[in-house]
Amino acid sequence: MSILGGGIFKGMAVTLRNFIGSYFHKERLITNDYEWRSEGELPQSIGDYPKEEGEQLRDTTTVNHYSRNFPMLLHDTGEPMDTIRCVACQICERECPPQCIYIEKSTEKKENADGKPQFYPAKFDIDVSVCMSCQICVEVCPFDAIVMNSQFELSTPNRFGGLLVRRDDLLKSNDYYHKIHPQEAAARDQKMVADKAAKEAKKKAAAEKSKAAAEARAAAAEAEAKEDTE
Amino acid sequence: MSKLSHESLLKEFPEAQWDEAAGAVILPVANARTIAEWLLASGWDYCSNVTGVDYLEAEVKEKITNDAGETETVTRTEAGRIDVVYHLYSMANKTGPLVLKQRTGREGATAESLTPVWRSCDLQEREVYDLFGVNFNGHPDQRRILMWDEFEGHPMRKDYTEPFDYEWEPTPHAEILEKHQRGKVIV
Amino acid sequence: MITAAPNYELLQQEGLETSLLEISMGPHHPSTHGVFRMDVKLDGETVVELRPVFGYLHRNHEKLAENMTYLSSMPFTDRLDYFNSMTNNWAYALAAEKLIEVEVPERAEYLRVIMAELTRLVNHVTLVGFFINDLGALGTPLMYAFREREKILDLFEQASGARMMCNYFRFGGLRNDVPEGWLGRARELVDRFPAFLDEYEQLLCENEIILSRTQGVGNLSRELAVNAGITGPMLRASGVNYDLRKVDAYGIYDRFKFRVPYTDGDTGDCYDRFMIRMLEMRESVEILKQALADIPEGDIIGKVSKVFKPKPAETYGRIEGPKGELGFYLIADGTTKPYRYRVRPPSLINLTVLRDMCLGGKIADAVIILGSIDIVLGEVDR
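Residue numbers (the working numbering), protein chains in the order written: chain W, 1 to 230; chain G, 1 to 187; chain U, 1 to 382.
Check before you lean on any hint, since a few could be wrong.
Short, incomplete list of chain U residues facing chain G, as computed with Cβ under 7 Å [as the list claims (entries may be wrong)]:
hint, residue
1, G251
2, R344
3, T352
4, L354
Covered, in the sense of this in silico footprint (three residues per stretch, anywhere, with C-beta under 8 Å from a C-beta of chain U), are these stretches of chain G [stated by the list, open to error]:
hint, region
5, 39 to 50
6, 85 to 97
7, 100 to 113
8, 148 to 161
Computed list of lysine-lysine pairs in DSSO-like fashion (alpha-carbon distance at most 27 Å, straight line) [stated by the list, open to error]:
hint, chain 1, residue 1, chain 2, residue 2
9, W, K196, W, K116
10, W, K196, W, K209
11, G, K158, U, K151
12, U, K311, G, K158
13, U, K303, W, K199
14, U, K63, W, K123
15, W, K179, U, K41
16, U, K309, G, K179
17, U, K63, G, K101
18, U, K98, G, K158
19, W, K211, W, K199
20, W, K105, U, K306
21, U, K151, W, K203
22, U, K362, U, K98
23, U, K303, W, K202
24, W, K209, W, K109
25, W, K196, U, K303
26, G, K101, G, K61
27, U, K98, G, K94
28, W, K10, U, K151
29, W, K179, W, K226
30, W, K191, U, K246
31, W, K199, W, K209
32, G, K179, U, K337
33, W, K110, W, K209
34, W, K116, W, K204
35, W, K226, W, K105
36, U, K63, G, K158
37, G, K61, U, K311
38, U, K337, W, K105
39, G, K179, W, K105
40, G, K61, U, K337
Just so you know, the hints here were simulated from the structure itself, not pulled from any lab data. From the three backbone atoms N, C-alpha and C, an ideal C-beta is built for every residue, glycine too.
With the hints as extra help, turn the sequences into a complete structure.
Here it is in structure tokens:
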């Protein structure tokens, strides 16, 4: 524009357009961002959030499917310590980048949900102030025992002990996991079933192979014995 | 043979060696600046990365055939050294990388600064001085860059031990750290 | 813009005793983009000497990575240049993939390009917002920019679980596939972005205040830029056509048609750098449109174990990050941990010429020049 200040006026026209438009079109409003997500995904009131027995009232659900904040230990349906999936293999403790997991293995085995005697963690502590929600522990766990929770209200007035979340507070059920991360939980369950089936099939194939080898050996021994007698 | 290759460099300066395993040219420290100026004139106009690598004294087992024709394993100690590695590219011809290394010992480490040739080595050589302790001859402004000026020691060296931390307070995390340092947790 | 040296004798004869004012534009400063300090000597308002001091955010990321497996230091690469966590991850994944033989599936390559270009949009729009903020436009362009950035961060959270520290890339592909509906939302965002850019340009690019304060300020000649190792939009603003997406063509960038904006001429000033970033945003939208249209179905990660032992070798992998060339130099020694892990930080190397550009100008220009270099202290100090 040829008049002095023309550029500034153009810019002011944009600002004016945004200011007036923000009363009519929500997307021009700078700070109110939530409206951009579809209505069905937002919890409408506190009563809609899923609650686990004994948890804080203001747990929040996740609006995004993979949203993560702090780990949690999974157990299958039943008593937490009887159906715990973690076998204290300590792989997550090794791989954790800021080294915030502290595990002590139990000294004797106990039956887990499948009926197999396994070790279990006598102590499993994660330090809230150190954990950086990187999710590496979830990735390296071979037993799908630790996954990410999206609960972020973990503050406590106790500076030293309060920031260490202990095993019993970390244990949450698989049903809760389905409630907060439905897609991820369903995919994980599917993968566990598929892995189990593959393992069974491999075991069966190996058993059949060894049976066939044993039969072949028995037949060969019989043939030899027959030859000897002839 | 194009001008922009390590073969032409080795032909021009026979005292430089070619390290096959690393894919790098080892420059003699005394001649490094002259070689660098030649490289700049040939078209390597962009020095992308300058860094240091610390090697402690190590025992290396090698299988060699001795005079009798048998293979035997020989152990020799390789002296500790610090490498200063340069990655050169050519923006004009869009080729890359030529890797140069200056080798120096760990005690009294000195290398020739290539800052007068490529200005991008300026801050990076200061970082190598700060973190590894390599003295660069001819660097216009050699002082610590990432640590504070009165700091003692060179953190990136493999044998660096942290000084006593009188401000340390016990936290729940301390046990985990101690377990890792005691070596109980093997990654 | 180097003026003649001040004549102190003349000033003293007239009865004015002047001396140089030393200011430390210290680490706590709203305009220095992080904990960055400049020791400035001023003669009136003219900068006579300038010395940048950094290291306040030094976390010794390089030494930490020598004690952890390759996978475990991936979350730390997010925190290098904390605005662009996706491209940092890609640079590290690229360097490590050179050490191990792994085939990255097609869908993963397309998603990598999509994430990287979204990151470039985030970075440029944030930078332009902060740059104009440094000029004194107290927040309006910045908030408009952040409005768009929030939409892209929502997309990142839906894909990877975290807004900024995504930790999304893995060696051989990505961590997980994007949820259903994500591609539709991304297409919607990409379709609406050019309208936002038009509005943004109308707001800023003819503004007389911006023109008079950024044109002619912070001149950087082409020879100095190349010799000082400057890369990224700052280099292209000085007239060099060097973009790693075209030169190295890493990933599948050779399949996309896009232009690389650079100034014709021998010098670049702050206005050039600002405009180059606006133009690059448009080119990123082009790439996104093509990638979102062509993305195939398929696997998301190749066959590679989580904890691997590469054979002893050394490699240097580099990408065109939004700020410049981000490179990783890895030396593997046959164990699960790297022997040497080095980050080539574009922000640090771009700071080499800060003093050259600021000397002789005014102190207010020093702030603008620093803003146009686009530094992030997480990367400068690592």
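Now for the hints, and whether the structure bears them out:
1. G251: violated (17 Å)
2. R344: holds (4 Å)
3. T352: Interface hint status for T352 of chain U: holds (5 Å vs cutoff 7 Å).
4. L354: Interface hint status for L354 of chain U: violated (10 Å vs cutoff 7 Å).
5. 39 to 50: holds (count 5)
6. 85 to 97: Per the Cβ count (6), the hint holds.
7. 100 to 113: Three-residue rule not met by the region 100 to 113 of chain G, so violated; n is 0.
8. 148 to 161: holds (count 3)
9. W:K196 / W:K116: This hinted pair holds, its Cα atoms lying about 14 Å apart.
10. W:K196 / W:K209: holds (20 Å)
11. G:K158 / U:K151: Cα-Cα ~45 Å, so violated.
12. U:K311 / G:K158: holds (21 Å)
13. U:K303 / W:K199: Status holds; Cα separation ~19 Å.
14. U:K63 / W:K123: violated (30 Å)
15. W:K179 / U:K41: Not OK: K179 of chain W and K41 of chain U at ~61 Å, beyond 27 Å, violated.
16. U:K309 / G:K179: holds (24 Å)
17. U:K63 / G:K101: holds (21 Å)
18. U:K98 / G:K158: Holds - the C-alpha atoms of K158 of chain G and K98 of chain U are around 25 Å apart, at most 27 Å.
19. W:K211 / W:K199: Satisfied, since the Cα-Cα distance of roughly 18 Å is no more than 27 Å.
20. W:K105 / U:K306: Holds. K105 of chain W to K306 of chain U sits at ~24 Å (cutoff 27 Å).
21. U:K151 / W:K203: violated (50 Å)
22. U:K362 / U:K98: Measuring from Cα to Cα gives roughly 47 Å; hence the hint is violated.
23. U:K303 / W:K202: holds (20 Å)
24. W:K209 / W:K109: violated (32 Å)
25. W:K196 / U:K303: With a Cα-Cα distance of about 20 Å, the restraint between K196 of chain W and K303 of chain U holds, given a limit of 27 Å.
26. G:K101 / G:K61: Since the Cα atoms of K101 of chain G and K61 of chain G sit roughly 24 Å apart, the hinted pair holds (cutoff 27 Å).
27. U:K98 / G:K94: Since the Cα atoms of K98 of chain U and K94 of chain G sit roughly 20 Å apart, the hinted pair holds (cutoff 27 Å).
28. W:K10 / U:K151: Distance of about 26 Å is within 27 Å: holds.
29. W:K179 / W:K226: Violated - the C-alpha atoms of K226 of chain W and K179 of chain W are around 68 Å apart, more than 27 Å.
30. W:K191 / U:K246: violated (40 Å)
31. W:K199 / W:K209: holds (15 Å)
32. G:K179 / U:K337: Holds. K179 of chain G to K337 of chain U sits at ~19 Å (cutoff 27 Å).
33. W:K110 / W:K209: Status violated; Cα separation ~32 Å.
34. W:K116 / W:K204: holds (19 Å)
35. W:K226 / W:K105: violated (57 Å)
36. U:K63 / G:K158: Given that 27 Å is the threshold and the Cα spacing comes to 9 Å, the pair holds.
37. G:K61 / U:K311: holds (17 Å)
38. U:K337 / W:K105: Distance ~26 Å between K337 of chain U and K105 of chain W Cα, so the pair holds.
39. G:K179 / W:K105: holds (14 Å)
40. G:K61 / U:K337: Given pair K61 of chain G, K337 of chain U holds - Cα atoms ~21 Å apart, limit 27 Å.
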